[in-house]
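**Student:** Listed here are the chains, written in short residue letters.
There are 2 protein chains.
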Amino acid sequence: MARKNHNFHLAERPQGLIVPGRTFNFVETDAPTADDLKDGQVLVETIWLSLDQSMRCWLASYAKPTAIGEKMNGAAIARVLASKSSKAKGSDLVISISGWTELAIVNEVAPVPEGVFEPIDLPEGTITRDALGAAHIGQPKAGETVVVSAAASATGSVAGQIAKIRGARVVGIMGSDEKCEVLTKKLGFGVALNYKSANFDEELARATPDNINVYFDNMGGTILEKAIDRATLHPRFVLCGCISEYNKLDQPNLGGIRSMFDVIAKRIRMEGFILWDYTPEFPKAKQQLGQWIAKDKLKSLETVVKGEFP
Amino acid sequence: MARKNHNFHLAERPQGLIVPGRTFNFVETDAPTADDLKDGQVLVETIWLSLDQSMRCWLASYAKPTAIGEKMNGAAIARVLASKSSKAKGSDLVISISGWTELAIVNEVAPVPEGVFEPIDLPEGTITRDALGAAHIGQPKAGETVVVSAAASATGSVAGQIAKIRGARVVGIMGSDEKCEVLTKKLGFGVALNYKSANFDEELARATPDNINVYFDNMGGTILEKAIDRATLHPRFVLCGCISEYNKLDQPNLGGIRSMFDVIAKRIRMEGFILWDYTPEFPKAKQQLGQWIAKDKLKSLETVVKGEFP
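Going line by line, the protein sequences match chains A and B.
Sequence positions in the first sequence follow our numbering and run 1 to 310.
Sequence positions in the second sequence follow our numbering and run 1 to 310.
No wet-lab data here; the hints were simulated from the structure.
Warning: the hint list may mix true and false statements.
Identical copies carry no separate label here, and so any pair may be met within one copy or between two of them.
[To be verified] Straight-line Cα separation of at most 20 Å, SDA-like style, residue types lysine to any residue; simulated pairs: (1) LYS64 <-> ASP229; (2) LYS248 <-> ASP229; (3) LYS64 <-> HIS234; (4) LYS71 <-> LEU93; (5) LYS4 <-> VAL305.
Quantities reported herein were computed from a predicted structural model and do not represent experimental measurements.
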């Protein structure tokens, strides 16, 4: 009997939270085989699948969402099963935008970088994001106070560590005491705050006695408002993510940022940052990050979840 | 009988709109005289008083508000009645931060610029604001679409005209059809839109077919949201004022900007702008503006209100 393939397709655009069994459909199809390959194509089997916060956006009706009825999009580290491409040969480990599937035929694969990034620390996306965001917009300097939200995330943890390497005082904001401990004990952040704490406002004020020079935002919403409130004059705000809002973006009464007047009063420069504007700089950024990791100046956080097909 | 002086003092911080007879107290005092002057001081009589949108902020508990019971702050063009200063002599017309009063003794006066700015087009504030804001943050270029809100205001009208001089396509947003007519007929704006129109959203979309490259914002609130919605990729937003919110800043449930996600998605660079950061550049800016006015490239709008003491 021919091998079957297992996939998750987007069934409907979620209103608010994702509902197991409703947002996605589990779909069984015939598996593609080496016989299906055209010139230049590669047959891959998913080993690791990247789960990114930004995936929530691909479920909404924003820039390039996954279509209803289509296989959910996503990056993977995959094993090559068969190849008609010069870019990969059988049994190579490659980075592939395969989507949520076991087996896929893809037109493009990229080699998994040697050593430090392999095998779990997935595509260049999150890992280089902050090197670039920090460098081009935030530009943290020695002696400055840099605050990072969602600071134990792939993005936030790198942003904070780069600021620290550059000599800034780094305050991380997270949603659990366990993650806060990771920030201070494993990554060496100066201070880590749990935004769910009843005294968060006072704790943030105490942690930023000279106010905030650079805010690297992955959360948006009320945490962004609180950062505006604690900003010094002429600070730089890198807007990289809006995690707190992703499950609400379809709501017409979404709460907004109420302190735009303070953006004027404090002459805050805020700028939206998306990684893909800086593709030409990836090789240099990866080299720098690799050196820092090799010297143990930069640590990589990984969360591995073992998934199962229904 | 000694001459009396008439003043308005701030009686209470307004909740929402200013209430005549309650927000301010009319206060009669003995008038200062030449005998009261110390070395370096000038006795002035108010001729014209500047009424600025930003005055609403001075009534709130923000950066440098007027204190309760204190004379309301404000800039004036005044006549010198007596002087012990080298900076002014009797009967000179000067710029003076006299506040809301008939007669005042002040420590600082500045000459009223010759010709084009005199007598009504008050202190350098509003008139140079946009030259600087536009140049440093907005940088409108030939062929770009520049949108200005509160575009018939002292600030907005200059911002829009400078963008036009630089070859941009300028769309002005105002709150009345009369003001829109001033923008297109007197100032030569390409398009002027009344944000109170029932079809404003469609009109803004039609007026910005290539989306917005530069948004010079004096209004904040929902108009800022609509500009974000119409922004192109990598636009510059100069946040100069927040008129729509000034009467609401004391409200805890102030509506906020709900489209920060789009600030990321479109990589909008937004920056708060306050004139006083650029004081060293005033002389050069005023010279440039004066030349444009002399060549009839830049027109000055004035609204004169004749006030009366109760």
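**Student:** Hint by hint, say whether it matches the structure.
**Tutor:** Outcome of the hint check:
1. Proximity of LYS64 to ASP229 under the C-alpha cut-off of 20 Å is restricted to the inter-copy arrangement: shortest distance 17 Å between copies versus 34 Å within a copy.
2. In this assembly of identical chains, LYS248 and ASP229 lie within 20 Å of each other by CA distance solely across copies; the values are 18 Å between and 23 Å within a copy.
3. Within a single copy, LYS64 and HIS234 get their C-alpha atoms only as close as 34 Å, which misses the 20 Å cut-off; across copies the closest is 18 Å, which meets it.
4. Proximity of LYS71 and LEU93 under a CA criterion of 20 Å is satisfied in neither setting, with 22 Å inside one chain copy and 75 Å between copies.
5. For a Cα distance limit of 20 Å, the shortest separation of LYS4 from VAL305 qualifies neither inside one copy, at 23 Å, nor across copies, at 81 Å.
Violated hints for the displayed structure, listed by number in ascending order: 4, 5.
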